[in-house]
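Chains A and B, in that order, are what the protein sequence lines are. When you line the first sequence up against numbering that gives the first Met the number 0, it's residues 0 to 145, in that order. When you line the second sequence up against numbering that gives the first Met the number 0, it's residues 0 to 144, in that order.
Keep in mind the hints are simulated off the structure, nothing from the lab. Ideal Cβ positions, reconstructed from N, Cα and C, are used throughout, including at glycine. Heads up, a few of these hints could be off.
Stated by the list, open to error - Computed footprint of chain A on chain B; a stretch qualifies when at least three of its residues, placed anywhere within it, have a C-beta under 8 Å from a C-beta of chain A:
#, stretch
1, 17-26
2, 95-104
Said to hold, decoys possible - To spell it out: a stretch of chain B is covered by chain A in this simulated footprint if at least three of its residues, at any positions, have a beta carbon under 8 Å from a beta carbon of chain A; those stretches are:
#, stretch
3, 37-49
4, 53-66
5, 114-127
6, 131-142
Stated by the list, open to error - Derived DSS-like pairs: lysine-lysine, alpha-carbon spacing no greater than 27 Å straight-line:
#, chain 1, residue 1, chain 2, residue 2
7, A, LYS60, A, LYS14
8, B, LYS73, A, LYS14
9, B, LYS95, A, LYS56
10, B, LYS95, A, LYS51
11, A, LYS95, B, LYS56
12, B, LYS130, A, LYS51
13, B, LYS85, A, LYS51
14, A, LYS29, B, LYS95
15, B, LYS95, B, LYS85
16, B, LYS29, A, LYS95
17, A, LYS36, B, LYS130
18, B, LYS56, A, LYS73
19, A, LYS36, B, LYS14
20, B, LYS51, A, LYS14
21, B, LYS130, A, LYS56
22, A, LYS73, B, LYS73
23, A, LYS73, B, LYS29
24, B, LYS133, A, LYS56
25, B, LYS56, A, LYS29
26, B, LYS29, A, LYS14
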Amino acid sequence: MRFMVIVKSTPEAEKEGALPDPELMLEMGKYNEELSKAGVLLALDGLHPSSKGARVKFSGKNRTVIDGPFTEAKELIAGFSILQVNSLEEAIEWVKRAPNCNPAGDSEVEIRQVFEMEDFAPILSEEQIQHKVAKRAELPNQTANK
Amino acid sequence: MRFMVIVKATPESEKEGALPDAQGLLEMGKFNEELIRAGIVLAMDGLHPSSKGARVKFSGNSRTVIDGPFTEAKELIAGFWLWQVKSLEEAIEWVKRCPNPHASDSEIEIRQVFEMEDFAPILSEEQIQHKVAKRAQLPNQTANQ
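Bound-form chain B, shown alone (with noise of 0.2 Å):
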């Protein structure tokens, strides 16, 4: 099964040019090479503060842009892995072994991603087979394993 883990933004990590703690960066190194020999790393990535992004609202065909930053830090996220684990269960055994992300009290996000598979009660297997094709060429789609 695959989980998306989210770590969510705090004041300090949304600050204009923030960067990690250094310390705190070359940690969650250590930790990240564990997950990789264990198999479990899909994919991982850190975003920027929402001063560098921007929000797009979507109310039937009008399209609004909002620029960042976003002052909400709860409804926002800092950084995201892929795993693929056997259960929510193993995640979230995986997660609580993760050095805290920020220097202050922070929080992680585990959630299930969606298998084409899981649509069949939508779709066709035509349909589905077609998504997992289109899906396989994308340069780095993470998969199912």
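One chain only, chain A, in its complex shape (with noise of 0.2 Å):
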């Protein structure tokens, strides 16, 4: 099964030009580093904050666009990681055992698992789901459940 760790933003995290703290970043890496030697990562990347970026609102046939910063930290993430692992349980200790992202106070990940085209049976034929099933293994970098 796969499963998207998102790290949840924090203020800190958000600031503009903030970059992560090194020894953070370091402690980080030898534990992305285990999680790799374990075969259960995939892919890993963090964001810059929310000024380098932008939202785009979707109503009918409308489109607003709105340039970042935002401000509400809750509801940006800061990075992820997709893990292949047989469970849930096995993501959650997994996660567990990460350094905190915000050593001086608190930090939230979120652990969400990935939908399989298979999962998507009771509403496509099987012709459709192997059709979305080639296109994806012809992106580079597609994570496939293994």
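Work from the hints to combine the two standalone chains into their complex.
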């Protein structure tokens, strides 16, 4: 099963031009190497603060663009990884072993199960599912359930 | 430059056992094929509702696990892409052409992805190259092209 591990943002991470604490980065790097050696880590990335981003609101055919930054850190993510594990419980156990992303305070990580194309069997035909699987397989860096 | 293009959740996408609307899925599939033809998409995935997930709160050395579901759809994501484009403006233009990802009003957030070189102010060149090498070993890591 694949899970997306989402690191929620904090006001500190959101500061304009914010870079992670170098010591935390190296600690996190060691933890990531553990995940990698265990064969569970498929991909990972960090995100620049929302001041370098934007939002697009969809309403019917309307599209409204709003430039960052955005104020509610609880609604923002700072980074993510994709894990291949046997269960949500296993994903939780790995996440509990991660360093605290906000060593001086509190932080939060959310774990979410990733859809496999086969999950759409109730609404798509086998042919449509295989088409989607094939299309995804062409992507340079698509993570796929093993 | 790489961007993460994040589809925010809605109360409907969060319903227990929710699957996307089949018609919506196929329309989005056509848009994805355009993006793929343009050489933009590095990766993409949808997420099951948060009822199948959990959160872990970190406070100092303590870890507290909270099972889903979570109530604030505005704090939740339903799916994402990773794109390779030249600028935020280009990413925005593509997002505006996306079909509405949900049946109701919805929102997509576009965020720039850190490259290891961005850490030059805080890491040595050697440390940066180490990180680049480690990432290159991951089965599905997207890399700036």
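- Query: Can you list which hints this structure breaks, lowest number first?
  - Reply: 7, 14, 16, 19, 20, 21, 23, 24, 26
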